[in-house]
Amino acid sequence: MTSSLEHQAASHAPLSLDAARRVIRRGFAITAIALLGVAATYVVAIGFTPVEAHQGLAQKIFYVHVPAAWGALMAFSLVGIVSALYLWLADPRLDLFAAASAEVGVAFSAVMLTTGPIWAKPIWGTWWTWDARLTLTLFLFFLFVGYLALRAALHDPQERARFSAVVGIMGLLLVPFIHLSVYLFRTLHPQPVVLKPSAPSLPWEMLRTLLFSTAAFTLLYVGFVTVRYGLALAAEAKALRDAG
Amino acid sequence: MPAEPPANGGYLVAAYIVAAVILLGYALSLWRRARRML
Chain Y
1 MTSSLEHQAA
11 SHAPLSLDAA
21 RRVIRRGFAI
31 TAIALLGVAA
41 TYVVAIGFTP
51 VEAHQGLAQK
61 IFYVHVPAAW
71 GALMAFSLVG
81 IVSALYLWLA
91 DPRLDLFAAA
101 SAEVGVAFSA
111 VMLTTGPIWA
121 KPIWGTWWTW
131 DARLTLTLFL
141 FFLFVGYLAL
151 RAALHDPQER
161 ARFSAVVGIM
171 GLLLVPFIHL
181 SVYLFRTLHP
191 QPVVLKPSAP
201 SLPWEMLRTL
211 LFSTAAFTLL
221 YVGFVTVRYG
231 LALAAEAKAL
241 RDAG
Chain A
1001 MPAEPPANGG
1011 YLVAAYIVAA
1021 VILLGYALSL
1031 WRRARRML
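First to last, the protein sequences are chains Y and A.
Going by this note's numbering, the first sequence wraps up at 244, each residue one higher than the last.
Going by this note's numbering, the second sequence wraps up at 1038, each residue one higher than the last.
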């Protein structure tokens, strides 16, 4: 561990436990605001958004499922991008950020993969179907669970960062396939209603709630990642202090 | 006269509770790790 920390201390600003504490506190403040935003999403979705005529109340799962999917795919995309930057620049902070984003992405994926089947059952008549969109999304989840397991198993920081960066980039390659899978394959999963070449195909009252919820989940991603990154900085600072 | 929407509000409640449990659980795990670390 010392070699990586010496490398970091030599090439970047010295790690400070106080600085890590500030990052963590800032992250918790953002998380608290974002959780209030998610709670407000529940209120707006249930009380102030029209009920879809064909799907009934179950359609409102959309306001949690889609922003969670957005958060997960954003998190995993950033892992891949930052991992590529790590392999280029060898800055350990990029590796710490990638690990933070991967963990938060797994949490958001858990929301996506549980709310999806609960929505599917009353609408499709089945909890799950092995079509391209659902299967690829499940594979992406397992890939990043594996990413976290790999990180936990490797003790040399530079080896851990290098190996996990490669896995992170592999995950990034899956993301566009997942987005395009509803166009490329026959699937029960609906096509995008917002992220598509033409204008969003949602009534304004529904689109407004979706955008609000997406903003709340994006802020929650920022809060979670900030805390998780701060925790990693604090661990590195403690290790550096103990080594010195 | 339009048909009534299907009565499936239970699925909505279940999904919102599951999402809240996962997100609050993760927030709590970060909180516990921060307390242990600092």
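Be a bit skeptical, because a hint or two may be false.
[What the hints assert, rightly or not] Pairwise CB distance ranges, derived in the manner of DEER restraints:
1) Y:LEU150 - A:GLY1010: 10 to 20 Å
2) A:PRO1005 - Y:GLN158: 51 to 61 Å
3) Y:ALA53 - A:GLY1025: 44 to 54 Å
4) Y:ARG241 - A:ALA1020: 21 to 31 Å
5) A:GLY1010 - Y:THR129: 30 to 40 Å
6) A:ARG1036 - Y:GLU52: 17 to 27 Å
7) Y:GLN158 - A:VAL1013: 22 to 32 Å
8) Y:LEU85 - A:GLU1004: 52 to 62 Å
9) A:GLY1010 - Y:ALA19: 20 to 30 Å
10) A:ARG1033 - Y:PRO190: 19 to 29 Å
11) A:TRP1031 - Y:PHE185: 21 to 31 Å
12) A:GLY1010 - Y:TRP128: 11 to 21 Å
13) A:GLU1004 - Y:ALA32: 38 to 48 Å
[Said to hold, decoys possible] Reference excerpt, derived from the structure (chain Y facing chain A, CB under 8 Å, subset only):
14) ALA19
15) ARG21
16) ARG22
17) LEU36
18) GLY37
19) TRP119
20) LYS121
21) TRP124
22) GLY125
23) ALA153
24) LEU220
25) VAL222
[Said to hold, decoys possible] According to the in silico footprint, chain Y covers these stretches of chain A (three or more CB under 8 Å from chain Y):
26) 1006 to 1019
27) 1029 to 1038
These are computed hints drawn from the structure, not numbers from a lab.
In this text, a Cβ means the ideal position worked out from N, Cα and C, and glycines have one as well.
Going down the list of hints, with the structure as the test:
| no. | hint | in the structure |
| --- | --- | --- |
| 1 | Y:LEU150 - A:GLY1010: 10 to 20 Å | violated (39 Å) |
| 2 | A:PRO1005 - Y:GLN158: 51 to 61 Å | holds (57 Å) |
| 3 | Y:ALA53 - A:GLY1025: 44 to 54 Å | violated (35 Å) |
| 4 | Y:ARG241 - A:ALA1020: 21 to 31 Å | violated (38 Å) |
| 5 | A:GLY1010 - Y:THR129: 30 to 40 Å | violated (21 Å) |
| 6 | A:ARG1036 - Y:GLU52: 17 to 27 Å | violated (45 Å) |
| 7 | Y:GLN158 - A:VAL1013: 22 to 32 Å | violated (48 Å) |
| 8 | Y:LEU85 - A:GLU1004: 52 to 62 Å | holds (54 Å) |
| 9 | A:GLY1010 - Y:ALA19: 20 to 30 Å | violated (48 Å) |
| 10 | A:ARG1033 - Y:PRO190: 19 to 29 Å | violated (37 Å) |
| 11 | A:TRP1031 - Y:PHE185: 21 to 31 Å | violated (41 Å) |
| 12 | A:GLY1010 - Y:TRP128: 11 to 21 Å | holds (19 Å) |
| 13 | A:GLU1004 - Y:ALA32: 38 to 48 Å | holds (40 Å) |
| 14 | ALA19 | violated (12 Å) |
| 15 | ARG21 | holds (6 Å) |
| 16 | ARG22 | violated (11 Å) |
| 17 | LEU36 | violated (12 Å) |
| 18 | GLY37 | violated (11 Å) |
| 19 | TRP119 | holds (6 Å) |
| 20 | LYS121 | holds (7 Å) |
| 21 | TRP124 | violated (12 Å) |
| 22 | GLY125 | violated (12 Å) |
| 23 | ALA153 | violated (19 Å) |
| 24 | LEU220 | holds (7 Å) |
| 25 | VAL222 | violated (13 Å) |
| 26 | 1006 to 1019 | holds (count 11) |
| 27 | 1029 to 1038 | holds (count 6) |
Hint compliance for this structure: hints 1, 3, 4, 5, 6, 7, 9, 10, 11, 14, 16, 17, 18, 21, 22, 23 and 25 are not met, and every other hint is.
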